[in-house]
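*Asks:* Given the sequences, and given the hints that come with them, work out the whole structure.
Protein chains in written order, with this note's numbering: chain A, 1 to 109; chain B, 110 to 567.
Please note that the accuracy of each hint is not assured.
[Claimed, not checked] With the Cβ distance kept under 7 angstroms, some of the chain A side facing chain B (calculated, not the full set):
# : residue
1 : Gly13
2 : Gly14
3 : Ala82
4 : Glu85
[What the hints assert, rightly or not] Quick list of in silico lysine-lysine cross-link-like pairs, BS3-like style, CA-CA up to 27 angstroms:
#  : chain 1 : residue 1 : chain 2 : residue 2
5  : B       : Lys500    : A       : Lys21
6  : B       : Lys500    : A       : Lys59
7  : B       : Lys538    : A       : Lys59
8  : A       : Lys23     : B       : Lys503
9  : B       : Lys335    : B       : Lys187
10 : B       : Lys319    : A       : Lys24
11 : A       : Lys21     : B       : Lys413
12 : B       : Lys191    : B       : Lys335
13 : B       : Lys503    : A       : Lys59
14 : B       : Lys447    : A       : Lys21
[Claimed, not checked] What follows is a set of in silico ranges between Cβ atoms, one per label pair, in the way DEER data are often shown:
#  : chain 1 : residue 1 : chain 2 : residue 2 : range
15 : B       : Asn542    : A       : Leu57     : 33 to 43 angstroms
16 : A       : Leu57     : B       : Leu451    : 44 to 54 angstroms
17 : A       : Leu57     : B       : Pro472    : 42 to 52 angstroms
18 : B       : Asn542    : A       : Lys6      : 48 to 58 angstroms
19 : A       : Pro30     : B       : Gly368    : 44 to 54 angstroms
20 : B       : Pro354    : A       : Glu93     : 28 to 38 angstroms
21 : A       : Gly55     : B       : Val466    : 40 to 50 angstroms
Just so you know, the hints here were simulated from the structure itself, not pulled from any lab data. Glycine included, every Cβ here is placed at the ideal spot set by N, Cα and C.
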Amino acid sequence: MPETLKLQINFSGGAELLFDKIKKHNIELPSVRKYLPDSKAEKWTIRELLVWIKGNLLKERPELFLQGDSVRPGILVLINDADWELFGELEYELQQNDNIMFISTLHGG
Amino acid sequence: MDLIELEKEVEELRRLLQKKENELCLLKQNLNIVSPVLDQNGSHSDTGVTGTETKGTLPKWAIERYSRQILVPEIGVKGQEKLMRGRVLIVGAGGLGCPAGVYLAGAGVGELGLVDYDAVDITNIHRQFLHGEKMQNISKADSAARSLRSINSRIKITAHNIQLSASNALEIASRYDVILDCSDNVPTRYLLNDVSVLTKIPLISGSALKMEGQLTIYGYREVDDKKKEPYTGPCYRCLFPSPPPPEAVGSCSANGVSGPVPGTIGCLQALEAIKLLVGRNRESLLVQRMLIFDGDDMTFRTVKLRSRNDRCAACSDNATLTELIDYEALCSMPANDKELDLHILPPEHRIGATELVQQMNKPGHLLVDVRSENEYQMCCIEGAVNYPIDKLEKMFEELMENISGASRVTFICRRGNDSQVAAKLAMEKIEKNREKIQDVEGGLHAWAKYIDRDFPVY
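*Replies:* So this is what it looks like as structure tokens:
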């Protein structure tokens, strides 16, 4: 078992504006116990990933990305190209090489 | 020749042309060649000649006209008949509605309705190609309907020149089989979703901004008489139970859009409408799937969506929604993509464009343009320095240094909203001489109106 967890994080639909306008991020997560020693979490789930993103990738206006411990309304989260609702949303346990996408819905036409 | 005279003459001729076109349309209808409706036996007598070998039910003109798509096995004769009986409502005659309308009119969809409250503006034309330069300031619904009639005079086209709202949406939508959401704002998207749920009419929802587009079908119902509970796809509220915060919502007028991006999505909305009308099944339709188009890296991604939410306020068995509501209140946003005039600064810190000219002539005046670099490069007032609002945080110290050396500081932007935000930030930071900071009410639009008529208004 490798120590770190490699993921690809994608932002689109305007969500990338909060992340230095970069749409694709290849990240490597340390062990969750090391990163969040005070938390009871044993494994990385989306819930902890959001905390990590806030601390490491998010550049501005966190309220336009997060609300409470989840994403704000209007952002769709996809785990390997499928709606996170199909995998337990915040509780989904991240796997090696997962692709997690945060899409802000568009309204223009 | 006198310009006004000529314009008048053109307008007269246009009116005459419209009148003649209407007459022609009526004549054709009376000759019964415009109506695609077949008689009860499904037969027809287009030529009056009996004994012609026509096994199908389509008239000669329809076979000829639509042959290229009838040849496609997924459509065929039966599909074409369904298309000709089909009725599609297109909400928004803009960047999505124009391409969608062109393909649906071309395909011979029996009836098209076009809803738009707005008038054609020169900034629309790069992507809204049913409107020509001559149609500026004319209703978009009328302009689009006119262009579509020139593509296909055999279908019925209705222009609904109104703002769709809770008071009129159900009545209009109930006359159609499919709704295309080609709108440009959040309240209309929630309104159309609820209309779709209440009327059980499927909603093909497209959207586009900058270089990206999204497309999916909401409220799809499988037609299967054998099953007790036919499959129903998710609705917009299953995915997005609450609206996004207004400050997170972009618009084409504020953020821009490349024409072919809504063009692409609008074309695909038409394709999904055609497939839906001819009766393609849910596996082949964008049901419980969303297409995400990125025109910048040229990728199409189709992602899997959740199924209908058991607790959805709109479409579940426990739904609380029984009638349409006030969608502007629900979303805290107006049902258009126009900018609001904000009032952030106290009036004594706001000046008009004329006063700006006077102050610019005095020594030590600093004019700060807070629009994006891109906009600053398009056009700016001579002498203005650029501190884009979304880079202000990084450049704030430098700006404050500049401000401390100036006798008076004026913030300006396109319309006079961001300039207030920036001025307020500077006022909060500065320790003394707060009164030297101000912004221009109406921004560069006011500048163009009152001072420099050559300044581009965008």
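*Asks:* None of the hints should be skipped; say for each whether it holds.
*Replies:* Each hint, compared with the structure:
1. Gly13: holds, 6 angstroms
2. Gly14: holds, 5 angstroms
3. Ala82: holds, 4 angstroms
4. Glu85: Since chain B brings a Cβ to about 4 angstroms from A:Glu85, closer than 7 angstroms, the hint holds.
5. B:Lys500 <-> A:Lys21: holds, 12 angstroms
6. B:Lys500 <-> A:Lys59: holds, 11 angstroms
7. B:Lys538 <-> A:Lys59: holds, 22 angstroms
8. A:Lys23 <-> B:Lys503: holds, 21 angstroms
9. B:Lys335 <-> B:Lys187: This hinted pair holds, its Cα atoms lying about 22 angstroms apart.
10. B:Lys319 <-> A:Lys24: Holds, at roughly 18 angstroms.
11. A:Lys21 <-> B:Lys413: holds, 25 angstroms
12. B:Lys191 <-> B:Lys335: Given pair B:Lys191, B:Lys335 holds - Cα atoms ~22 angstroms apart, limit 27 angstroms.
13. B:Lys503 <-> A:Lys59: holds, 11 angstroms
14. B:Lys447 <-> A:Lys21: Holds. B:Lys447 to A:Lys21 sits at ~25 angstroms (cutoff 27 angstroms).
15. B:Asn542 <-> A:Leu57: 33 to 43 angstroms: Because 39 angstroms falls inside the window, the suggested range holds.
16. A:Leu57 <-> B:Leu451: 44 to 54 angstroms: Check failed, 30 angstroms falls outside 44 to 54 angstroms.
17. A:Leu57 <-> B:Pro472: 42 to 52 angstroms: holds, 46 angstroms
18. B:Asn542 <-> A:Lys6: 48 to 58 angstroms: holds, 54 angstroms
19. A:Pro30 <-> B:Gly368: 44 to 54 angstroms: holds, 45 angstroms
20. B:Pro354 <-> A:Glu93: 28 to 38 angstroms: Holds: the Cβ-Cβ distance is about 30 angstroms, inside 28 to 38 angstroms.
21. A:Gly55 <-> B:Val466: 40 to 50 angstroms: holds, 49 angstroms
Hint 16 alone, counting from the list given before, is not met by this structure.
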